[in-house]
Each structure stands twice: as C-alpha cells, then as structure tokens.
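Read off the chains here:
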Amino acid sequence: MGLMNSNSRANVLMFKKLMVFSLVMFVFGYALVPFYEKFCEVTGINNLLQPDVLTKDNWVDETRWVTIEFDANIRGLPWQFKPLQSSARIHPGEPITVMYEITNSSNREIAGQAIPSYSPRFLEKHLKKFECFCFTKQVLKANETRQMPVQFVIEPGLPTDVDTVTISYTFFELPDGGSTAKK
Amino acid sequence: MAAVHGDAHGHGHDDHHPSGIMRWVRTTNHKDIGTMYLWFSFTMFLVGGFLAMGIRAELYQPGIQILEPELFNQFTTLHGLIMVFGAIMPAFVGFANWQVPLMIGAPDMAFARMNNWSFWLLPVAGTLLVSSFFVPGGAAAGGWTFYPPLSVQGGLGVDLMIFSVHILGASSIMGSINIITTILNMRAPGMTLMKMPMFVWTWLITAYLLVLVMPVLAGVVTMLLTDRHFGTSFFNAAGGGDPVMFQHIFWFFGHPEVYIMILPAFGIVSEIIPTFSRKPLFGYSSMVYATASIAILSCVVWAHHMFTAGMPTVGQLFFMYATMLIAVPTGVKVFNWTATMWRGSMSFETPMLFAIGFIFLFVIGGFSGVICAIVPIDIQVQDTYYVIAHFHYVLVSGALFSLFAGVYYWLPKWTGHMYSETLGKAHFWLSMFFFNLTFFVQHFLGLAGMPRRIPDYNIQFADFNMISSIGAFGFGLTQLLFLYIVINCIRGGEKAPQMPWDGATTLEWTHLPSPAPYHSFETPPVVK
Chain A
1 MGLMNSNSRA
11 NVLMFKKLMV
21 FSLVMFVFGY
31 ALVPFYEKFC
41 EVTGINNLLQ
51 PDVLTKDNWV
61 DETRWVTIEF
71 DANIRGLPWQ
81 FKPLQSSARI
91 HPGEPITVMY
101 EITNSSNREI
111 AGQAIPSYSP
121 RFLEKHLKKF
131 ECFCFTKQVL
141 KANETRQMPV
151 QFVIEPGLPT
161 DVDTVTISYT
171 FFELPDGGST
181 AKK
Chain B
1 MAAVHGDAHG
11 HGHDDHHPSG
21 IMRWVRTTNH
31 KDIGTMYLWF
41 SFTMFLVGGF
51 LAMGIRAELY
61 QPGIQILEPE
71 LFNQFTTLHG
81 LIMVFGAIMP
91 AFVGFANWQV
101 PLMIGAPDMA
111 FARMNNWSFW
121 LLPVAGTLLV
131 SSFFVPGGAA
141 AGGWTFYPPL
151 SVQGGLGVDL
161 MIFSVHILGA
171 SSIMGSINII
181 TTILNMRAPG
191 MTLMKMPMFV
201 WTWLITAYLL
211 VLVMPVLAGV
221 VTMLLTDRHF
231 GTSFFNAAGG
241 GDPVMFQHIF
251 WFFGHPEVYI
261 MILPAFGIVS
271 EIIPTFSRKP
281 LFGYSSMVYA
291 TASIAILSCV
301 VWAHHMFTAG
311 MPTVGQLFFM
321 YATMLIAVPT
331 GVKVFNWTAT
341 MWRGSMSFET
351 PMLFAIGFIF
361 LFVIGGFSGV
371 ICAIVPIDIQ
381 VQDTYYVIAH
391 FHYVLVSGAL
401 FSLFAGVYYW
411 LPKWTGHMYS
421 ETLGKAHFWL
431 SMFFFNLTFF
441 VQHFLGLAGM
451 PRRIPDYNIQ
461 FADFNMISSI
471 GAFGFGLTQL
481 LFLYIVINCI
491 RGGEKAPQMP
501 WDGATTLEWT
511 HLPSPAPYHS
521 FETPPVVK
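Residue numbers (full-length UniProt numbering), protein chains in the order written: chain A, 1 to 183; chain B, 1 to 528.
So that you can see chain A by itself, here it is in the shape it has in the complex:
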C-alpha cells in the first residue's frame, strides 16, 4: 500500500510529537481552571469569598442616605434562613453590622455555602465586606440554630442616583459536607 516507505520512521516520530501535543492541550484545558481562578483573584473580579480591606481615605458622606434591603434564600436544603432586620438606612461610608439567622430543621448534619447577589449589579464595586458568613461553609448539626454577622461599608463612591440597594444571600447545600468553595 505504499505505507512502508522511507517516510514511515519520520511519520511515527511526527505522530508521537502530535499525540504529546494533544495530551498537553488536554491538560491545558484543565489548567485553565486554576488560571481562571487566579486571574479573577488578581484582578478582583468575582471576589466572593475574601474579606475586603477598607482603604484609608474612606469617609462618611453625611449628606445622603442609602436604604439597604436584606434578602435571604434557601436552595434545596431543609434550613430556615432570614436576616434579623429586613432593611437599614445608613450614610455611605458608615460601617454596619447585620445579623442573619439560620436553623437546620432536619435531623442530620448539613453543610451549606451562601452565595451573595447584589442589586444593582455594580453595587459589588462599592461594597466592602469585612466579615461574612459567606466566606466559609456553614455546618449545622441537627436542629441547630446559629446567628451570624455580615459587616460592611458601602463606599461614598456609589452613584448618587442610587438610594436603595439590595443584598441577597442564597444558601446551597454542599454535597457530602464537602470542602468550602475554593476562592
């Protein structure tokens, strides 16, 4: 078939090189996962699980008020979850602590992870969170109730046409009490 020609050794060598290249690209696909996470961490995109630090030039804008509404949701796990106050009114730049309460109403130990969501979306840029139950997984024993704080500042840089914002948390169950979210 003209197969065993003088090229066949060169062909096999080429085959090996290209197979190795394909395998490297397969691994590269997986390497994109930590790369993506590192990229988001370095650029501060999608920073859900790291506490923020307050910049030194923070100031309190006493000329305006912002109303913050608190929202709490459960997605597919037998818990109750609510903020102890449904809203707050503060000056931008003023630190505030809000308590949330979760209750495990089942008879087994369950681990959950809260994921935040903000409205308007650009609130994320102006929200500095120092402490949050969403930074780690929460493990609740059967019928346990726990109160947990969120401590944050809304920076005065928030556009002046925004007078009401919503901060929402949703708890998801972590399968097998698994490790907390990675970032």
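A hint or two may mislead.
[Said to hold, decoys possible] Using 35 Å as the maximum straight-line C-alpha spacing, the simulated DSBU-like pairs for lysine-lysine come out as follows: (1) B:528 with A:16; (2) A:129 with A:141; (3) A:141 with A:82; (4) B:195 with A:17; (5) B:528 with A:17; (6) A:128 with A:56; (7) A:38 with A:56; (8) A:38 with A:137; (9) A:82 with A:38; (10) A:16 with B:195; (11) A:82 with A:128; (12) A:129 with A:56.
Hints are computed from structural coordinates only; laboratory data are not their basis.
The hints should help you fit chain B onto chain A, whose structure is shown.
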C-alpha cells in the same frame, strides 16, 4: 459508490482487498475513506436538515403547533451539534482524505490504518447523538453550546451527547494528526511548502488548530461529566465552581472551531476561482500568511461570544478590537479572489457559481460578524435572530456552499463522469434563492428583537417568519436535487476527460486520469 470503484479497479495493479461490505469496513485506501466521510456527512446533513425543517415548521406561525417547547429545544440543540460535528467537519475531512494525497503527489495518507479508525468512530458517535432523542427525558436541550447549569441538570440525553463529543473529538484529533503528517512528510519531490496548493495549506493550518483546541473541548466535556456524576464542582456555584468559566473554556475551543469550519472552505474556493478564471491565484503568499494570521487571531477572540456574560470593560474592548482585526486578513483573501477574477477569462460552470456565491454571501456574513463584534450592538443583538442570520451566512453560504463547489469541481475526477451541468446550475440558483429567502429576513427579525431558541413568538414577527420558513422548506428540498445529481453522476453520464477544466493546474488534473485510479502516485511525480 461501489460503481465508482468498480471502475477504478481496472487501473493500476489490483491488489487483494475484500469485496462487499467488508471492503468498506476494512479499507485503508484514502479514496474509499474520503468517500465514506462524504457520505456520512451527507447523511448527517439530511438528519440535521430534518431537524431544521421541524424548527421552521414550528416557527411558520406564532403559537405552538407541532413541537412542544421541550422537544423544540432538543431540535435546535441537536440541529447545531449534528450540523457542526456531524456534517460540516467530517465533510471537510472527507475532502482532505480524497484531495490532499492527490494534490501533493502522495500514495496515501500517512497512517492508513488509523485513518480507517478515525472514520469508523463517526457512525458510532452519530448514532449516539441521534439515539439520544429516544432515551427517557429526550436529547440534550440546552443549546449546542451546552452551557451549565442546563447541561449539568439535563438527563441521560446529555450524557449521550458528552460521549459522542468525546468520540468525535478523538476522531478529529486522529484525522488531524494524519493530515499534518501526510502534508509535512509525504509531499512529492520538488513540492516545497510555498508550492503547495492553497487547499493543502488551509488544511495544514486547520489541522493544527484542531489538535490545539479539540483536546480542550474534550477536557471541558469531561469536567461536565464529572460535575454531573462524580461530585466535582467545576461549574456548580454551590460547590465553588463558576458557570461563566465553562463559557470561557468552551469558547476557547469554540472560536477556533469556527475557523476550522471555514479555512478549508477558503482553500476549496482558492482552487476553483483560479481554475475558472484561467489565471493563477492572485497573491498566493499573502493568502498563506492571511490564513495563518486568521488561525492565530482566532485563538484570542473567544470572549466576544460572551459580552453579556459579565466582563470588565477593558476585557470587552480587547475582545472587540481583536475580533475586528480578523476582518483584515479575511479582507486580504476576498480582495485576492476578486483580483484573481479581474480580467480573467472567466466561465461559469457550477463549481464557479458556487464559489462566487460563496464570496458574495460570505462577505455579507463577515460584515454582520463585524457588526456583532461591536460591544454596544452585540449587547442588543445577543441571542437574537440577527446572530442566527450571521452565522448561517458564514456556515451555510460559507462552508456548505464551498463544499458544494468542491463536490462539483472534483466529481469528474472522483467518478470519471461529468455531472449534469443544467441540473447543477439549477441546484445553485435554487439554493441561492431559497437560502437568502430563509436567512436574509432573519436579520430584520433579530434587529426587531426576536430571541433565538424559543418555539413561539410575538405576532409582530409572523410575516418574516413565514417567509423564512417557506425559504427553508425550499432550501431543504433543493438539497434532494443535489443528492440526485451526485448519484446520477456516479452511475453514469458523459465520460470525463483527464482535465475537464482548462484552467486547472494541480497534480490530480495534470498527472492522473479520470477517474483517479484506486492506487495513485505510488511513484511520486516530480514537481518543478
């Protein structure tokens, strides 16, 4: 096809190979395998076309008539997957199998046994995909891009889709390795890289793109599989994963994939235009560099598919400008084709008609692509029929028209018979008319805000949808004419001379009789 090779047996030394079905199962001959690739892709084209007819029948009028929404979603999803992975890609590999050895003066592909295997994986994958309609829960329904969370939540159909993508990926990678090795190691003496026909060049670059990105696709579907069944959380937000990351990795594969489907089309058109203009290709070396530039740029523009998924402005600007930059080498190609035709002694046989139709309509698709690349416009038209119109202009009147052009161009060499010129021209003009009837109005629908992947629509979209559906039915029927023409040409017809086109210069025309013998170039030709 048996008839073709029945004829072919007469030529060359006829060494032992099994007859009947086993001949096709065990063949390692590049021409047999190329033929099987082409028939497989045409079969998949009919299946994908059937799904398209279902989609257009449902959209013929507002309201739900034929397909329940869940089934409609399965139709759109499988239409995309089957056309991309089952029809267009294997068809180009079929062309590569037939033409690359003939055009570089090689006796066969470098790894003939592996070539057989890469083909026979395809029917397995195709069967898995099509059979997923009949499993509980039906086929995958989250769109051909299978974004999580839908693809993580879907049923057994999604698993079948994942397996079939794995198999198709393996087949593509093996096919590409074969093509690269054949081109780099087995050219006839004297054929330097810069003397290779454009079709061979575009396939060399396409094959490199395939080994670059198909493994990444295999990786991302593997992640999806482990997320679904083995407790990982790559894309599951509750477990710390990120569904947007899926989109980044998918499109890192997906955008080069777009060029994988169009670069060989550029190659085919770059063979046909000079032949029927009876002039050498204008700016050969700039064509080579333009192809390479497009391939490189295609790897850094992926996020223009995700402008609305959430991205910093700097990122949007980078991907917008990089995307628009691709218009430069693509423009070089279009101007080179035009300059090749300029003052040429042109004739308009069916391959040339399809090639000119390709240039004309591909440019429209290219322009709507540049429009979609502009961030503020893209935010408006994302997931509307404008995008559907755009990518059908580049994939149907781009890739598919070039495949038709190539089939008509090489049929005389493959079968030894001329196809019916009258019917071929009818096929072209009907395709041209119905294609534009189907897809041109979809630009208007998209600009007016009609979303894609929805089985029902507001009454204001009714007229254009009816026009589009009529066009689609016409286009679908027209392709049965193509099947008739090809079968007729295989079974008989006017005897084709060695060189039926006066302007052709590549080795398969200058050195081989029609039909090309079963074994060709066992002694390599010398290229001056």
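Quick rundown of the hints versus the structure:
For a cut-off of 35 Å, the pair hint linking residue 528 of chain B to residue 16 of chain A stands: about 32 Å separates their Cα positions. A C-alpha spacing of about 27 Å is found between residue 129 of chain A and residue 141 of chain A, which places the hinted pair at or below 35 Å, so the restraint holds. Taken as a hint, the residue 141 of chain A and residue 82 of chain A pair is honoured in the structure, with Cα atoms around 18 Å apart against an allowance of 35 Å. Note on residue 195 of chain B and residue 17 of chain A: the hinted pairing holds, with a Cα-Cα distance of about 25 Å set against a maximum of 35 Å.
For the hint pairing residue 528 of chain B with residue 17 of chain A, the CA-to-CA distance comes to about 31 Å; that is within 35 Å, so the pair holds. For the hint pairing residue 128 of chain A with residue 56 of chain A, the CA-to-CA distance comes to about 13 Å; that is within 35 Å, so the pair holds. Distance restraint check for residue 38 of chain A and residue 56 of chain A: the Cα-Cα separation of roughly 26 Å lies within the 35 Å cut-off, and the hinted pair is therefore satisfied. Between residue 38 of chain A and residue 137 of chain A, the direct Cα distance comes to roughly 21 Å. Compliance with the 35 Å bound is thereby established for this hinted pair.
The suggested pairing of residue 82 of chain A with residue 38 of chain A holds, with an alpha-carbon distance near 33 Å, which does not exceed 35 Å. Pair hint residue 16 of chain A plus residue 195 of chain B holds up; C-alpha atoms about 27 Å apart against a cutoff of 35 Å. A distance of roughly 21 Å separates the Cα atoms of residue 82 of chain A and residue 128 of chain A; the hinted pair therefore holds under the 35 Å criterion. For a cut-off of 35 Å, the pair hint linking residue 129 of chain A to residue 56 of chain A stands: about 15 Å separates their Cα positions.
Of the numbered hints listed earlier, not one is contradicted by the structure.
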